[in-house]
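**Student:** Residues per chain, in single letters:
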Amino acid sequence: MEFKKLPPVKEQLMKCVRCGKCRSVCPVFAEVGIETTAPRGHVFMVQMLRDGKVEPTNEVYERLGQCLLCETCSVNCPSGIDVHELNAAARSYIYENNPSAGKELLFDTLWTRPGMLRSSARVMSTVQRLGLQTLARKTGLTKILPGDLKEAEQMMDNIPSKSARSTLPEINPARGEKKYKLGYFLGCGTDLFSPSAATAAVDVLTRNGCEVIIPKDMKCCGLPHIANGKMETAQKLAAHNIKVFNAYDFDYIITDCASCSSALSRNNMEFLLAGLKIEDEALALSEKVMDLTVFLIDVLDLKIPVNKTAPKLRVTYHDPCHLANAQLIKNQPRELLSRIPGVELIEMKAANTCCGGSGTYSTTHYEMSMKILDKKMDHAMATGADILATCCPSCMMQLNYGCKRNNWEAEVLHPVELLSRYYRNN
Amino acid sequence: MENSKLKQELVKLLGKDKVLTEELDLMYYSYDSSFLTKLEPVQPNAVVFPKSTEDVQKVVEFAYEHQVNIVPRGAGTGETGGCIAVQGGIVLDLSTWNEIIEIDVKNMQVIVSPGVIHAELNNELAKHNLFFPPDPGSSLMCTVGGMVANNASGLRAVKYWATEPYILGLEVVMPNGDVIVTGGMKARCIKNVSGINLTKLMVGSEGILGIVTRIRLRCFPKPKARGIAMAVFDNLDDAPEAVMDVYQAGILPSGIEILDSSAIKAVNDFKPEIKLPDAEAILLFEVDGNPPSVEYEGNVIREVTGRRARTVEWATEPKRMAELWEGRSVTAAASARVRPDGSRIFAGEDISVPISRVADTLRALRDLADQHGIQIVNYGHIGDGNVHTAPVINPEIPEEVEKVIKFVDEVHLLAIEMNGSTTGEHGVGAVRRPYAELEHGKAVDYMRKIKEAFDPAGIMNPGKVF
Chain A
0 MEFKKLPPVK EQLMKCVRCG KCRSVCPVFA EVGIETTAPR GHVFMVQMLR
50 DGKVEPTNEV YERLGQCLLC ETCSVNCPSG IDVHELNAAA RSYIYENNPS
100 AGKELLFDTL WTRPGMLRSS ARVMSTVQRL GLQTLARKTG LTKILPGDLK
150 EAEQMMDNIP SKSARSTLPE INPARGEKKY KLGYFLGCGT DLFSPSAATA
200 AVDVLTRNGC EVIIPKDMKC CGLPHIANGK METAQKLAAH NIKVFNAYDF
250 DYIITDCASC SSALSRNNME FLLAGLKIED EALALSEKVM DLTVFLIDVL
300 DLKIPVNKTA PKLRVTYHDP CHLANAQLIK NQPRELLSRI PGVELIEMKA
350 ANTCCGGSGT YSTTHYEMSM KILDKKMDHA MATGADILAT CCPSCMMQLN
400 YGCKRNNWEA EVLHPVELLS RYYRNN
Chain B
0 MENSKLKQEL VKLLGKDKVL TEELDLMYYS YDSSFLTKLE PVQPNAVVFP
50 KSTEDVQKVV EFAYEHQVNI VPRGAGTGET GGCIAVQGGI VLDLSTWNEI
100 IEIDVKNMQV IVSPGVIHAE LNNELAKHNL FFPPDPGSSL MCTVGGMVAN
150 NASGLRAVKY WATEPYILGL EVVMPNGDVI VTGGMKARCI KNVSGINLTK
200 LMVGSEGILG IVTRIRLRCF PKPKARGIAM AVFDNLDDAP EAVMDVYQAG
250 ILPSGIEILD SSAIKAVNDF KPEIKLPDAE AILLFEVDGN PPSVEYEGNV
300 IREVTGRRAR TVEWATEPKR MAELWEGRSV TAAASARVRP DGSRIFAGED
350 ISVPISRVAD TLRALRDLAD QHGIQIVNYG HIGDGNVHTA PVINPEIPEE
400 VEKVIKFVDE VHLLAIEMNG STTGEHGVGA VRRPYAELEH GKAVDYMRKI
450 KEAFDPAGIM NPGKVF
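For the record, the sequence lines run as chains A and B. So in numbering that gives the first Met the number 0, spot 213 of the first sequence is number 212, and the numbers just go up one at a time. So in numbering that gives the first Met the number 0, spot 179 of the second sequence is number 178, and the numbers just go up one at a time.
If you're looking for bench data, these hints aren't it; they were derived computationally from the structure. Just so you know, not all the hints are guaranteed correct.
Stated by the list, open to error - Simulated restraints on C-beta separations:
id : chain 1 : residue 1 : chain 2 : residue 2 : range
1  : A       : K370      : B       : E1        : 56 to 64 Å
2  : B       : G249      : A       : K302      : 54 to 62 Å
3  : A       : K403      : B       : P271      : 40 to 48 Å
4  : B       : P271      : A       : M0        : 53 to 61 Å
5  : B       : D369      : A       : K3        : 52 to 60 Å
6  : A       : K4        : B       : M446      : 27 to 35 Å
7  : B       : M243      : A       : L299      : 52 to 60 Å
Idealized CB from N, CA, C, for every residue including glycine.
Use the sequences and the hints to build the structure in full.
**Tutor:** In structure tokens, the structure reads:
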């Protein structure tokens with residue numbers, strides 16, 4: 000759909016009264032403090048784009064690109080503006096006017112082909128000792144990503160050698176009586192960077208009477224594409240995934256990744272696919288999509304057998320933005336952690352403030368990402384926890400790096416990994 | 000002076016990090032919360048980020064020498080275009096200079112730079128059992144410097160009044176670059192009637208007389224207890240009467256707020272968890288003090304308002320109080336929710352009338368809105384007669400804009416007719432200048448004389464106030 004006709008652009012721009020409440024909640028603004036980074040400033044700039052007062056140039060993209068798309072402003076906006084959607088729509092509009100071969104290679108060729116993406120990760124894993132910078136130079140990657148790979152390479156120094164999909168079967172039968180047939184939306188982040196979370200998810204679900212199917216043809220949820228101005232590719236990915244998942248008769252479609260569930264949510268589908276024919280089918284899919292912790296608590300109401308000798312674990316929880324802001328899910332992950340015997344949940348200050356990871360943001364805006372991460376780590380470390388839990392592979396990668404930067408020995412895990420460990424040890 | 004040359008000179012003065020050098024970035028300083036800048040954003044010629052008195056002084060001296068306008072700006076949350084360079088010039092964004100310089104607990108005062116956020120100041124003061132009582136709805140984002148410039152007040156003005164009584168002294172960079180200290184150069188006293196009260200003159204002068212670079216604020220002991228009564232009325236006319244009843248019963252609440260039916264709907268749409276009841280009007284009474292007095296005052300308010308109200312809820316539980324108070328503080332922006340294809344606008348939003356005429360004013364506002372075919376949301380600080388009217392229009396439809404401009408003009412005239420003022424706390428800025436003569440008569444001449452004495456070159460925030 001044409002930029003100017005997109006629903007948020009058409010209906011929401013005029014609602015911004017520039018009250019400035021977003022200045023008080025934006026993690027990037029908190030670091031920079033000037034109006035060019037304020038969410039209301041982004042809304043204003045999108046309006047200028049729509050009205051033709053500024054041209055869709057890379058300079059405008061650069062300013063809008065400072066936003067994490069963490070949705071903190073959107074969820075706090077008194078006027079109900081989806082600031083992140085306006086920003087993403089504008090990025091896409093600008094990209095269409097300024098296509099880049101590098102981005103097309105990364106987001107259209109590589110990131111739309113799961114096999115190729117996994118192969119790349121394997122290559123990266125094996126050449127880690129050489130350092131990503133060397134690889135990036137050799138492959139020309141440095142020309143593709145606008146960020147500073149020299150620094151960002153340190154974040155990816157521990158890519159698992161095997162992806163989750165290479166070890167998990169497509170069909171995982173329920174153990175015991177089958178209660179639900181689940182589709183598992185195994186996102187790229189979990190697949191490549193946190194395969195142990197995927198293994199744990201399948202373990203916990205099958206133990207609790209769920210048949211878990213990982214459709215082999217599924218592709219990326221498209222969120223990285225939306226964030227990087229590739230809306231059209233995101234639409235194609237969504238259409239593909241809708242077809243793949245709707246072909247089954249799943250009771251629920253589960254994902255352990257906050258970003259994937261937000262990408263597949265009704266809100267995002269309505270935004271992404273506005274005016275396209277597949278909208279109804281998309282909403283049928285969205286109705287079944289559920290975060291793993293919500294399924295375990297709200298649907299299964301999981302009862303975990305108590306072993307009083309279970310080791311005591313001090314756990315703190317970081318709210319992923321795509322769960323807490325995009326889907327208002329805060330309680331279920333905490334509830335799940337609290338139900339695991341031995342776990343003592345310690346709240347960190349500002350648990351629902353962004354960690355600065357935000358998918359590709361840590362690569363494209365390394366310095367800013369680290370400033371935001373350091374604040375997060377200060378709060379996390381102050382809890383003295385043994386485990387830093389969260390429900391998003393992108394956050395996990397960022398927080399792992401935060402632990403490394405701060406020489407903090409806490410383990411970063413998805414809550415389901417803790418649960419799976421408990422099951423296996425008891 | 001050409002923009003590029005101007006920016007080069009400013010970079011020489013302050014360094015690159017304190018000057019916006021990209022033309023595109025200047026656009027972000029073309030708006031505040033006013034309807035004026037929503038319709039017509041006005042870009043400055045340059046933006047700088049001073050971090051010291053010396054920085055401000057350098058910019059002002061340069062501007063004075065070269066006859067360039069200078070416009071101070073806080074968080075840009077004002078509703079009058081006050082921080083906009085409507086006649087061009089350099090905007091000084093003081094919000095990044097946010098330093099709590101000293102909390103003088105023994106003398107019950109605090110010294111801050113202008114960019115400190117109101118809520119953050121109170122968070123720090125709370126550690127010393129102190130607080131700075133004025134409570135603007137924009138507490139989370141507005142700067143103390145902005146509050147001084149506009150003599151802001153807000154939700155607790157009934158008992159604690161506005162910013163001005165708390166300002167003990169100011170450091171001001173004058174339009175020629177002189178630096179003065181008002182309220183006594185070395186003073187740390189609270190009472191002070193020595194000399195002409197320049198502090199009082201500066202507070203609320205909206206940046207047309209000088210740039211405030213340091214603020215000495217009086218703090219109060221933080222009350223130990225607080226309670227909020229919510230009285231629900233089926234008849235709008237009963238609400239102002241109930242306010243009078245409470246005063247007559249000898250109670251001075253810290254705040255008394257009104258939300259009419261449209262404001263209630265807006266808040267419930269935005270924050271459904273607050274669960275405000277459907278009604279013609281809701282009054283929120285806040286009382287604070289020591290626990291026994293809060294309990295006593297709460298009981299009196301319940302009894303007195305209960306004679307007219309359908310129900311009265313008394314809350315002392317922190318979570319519920321926070322919900323009720325937040326419901327009120329977000330009404331301003333949440334007003335847009337009453338119309339899916341509309342937006343509230345900040346225009347004619349701040350009239351102040353005698354308490355005895357609030358009911359008449361609310362009725363007159365409704366009549367005016369009906370005459371012009373404008374949807375409005377009414378809320379405000381009924382305890383001191385400050386009525387906030389939020390017209391909700393689609394600002395992208397020219398006919399609606401034309402209609403609302405006429406409506407807003409009549410709202411301002413109504414305020415003067417009701418023996419009130421066109422603005423109770425938001426200020427005049429660029430938008431209410433046309434009413435200066437009507438409101439103040441010959442006194443405006445003397446305001447101009449003061450301005451000329453302070454700023455003979457006329458470079459300080461021109462196009463504002465009168």
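**Student:** All the hints need checking, so say for each whether the structure fits it.
**Tutor:** Hints versus structure:
For the hinted restraint 56 to 64 Å between K370(A) and E1(B), the CB-CB distance of approximately 35 Å leaves it violated. Between G249(B) and K302(A) the beta carbons are some 58 Å apart, a value that agrees with the proposed interval 54 to 62 Å. Roughly 42 Å separates the CB atoms of K403(A) and P271(B), a value that falls within the hinted 40 to 48 Å. Between P271(B) and M0(A) the beta carbon distance is about 31 Å. The supplied range of 53 to 61 Å is therefore violated.
The hinted range of 52 to 60 Å is not satisfied by D369(B) and K3(A), whose Cβ atoms lie roughly 34 Å apart. Between K4(A) and M446(B), the C-beta spacing of about 50 Å breaks the proposed range 27 to 35 Å. With their beta carbons about 58 Å apart, M243(B) and L299(A) fall inside the hinted range of 52 to 60 Å.
Hint violations for this structure: numbers 1, 4, 5 and 6, all remaining hints satisfied.
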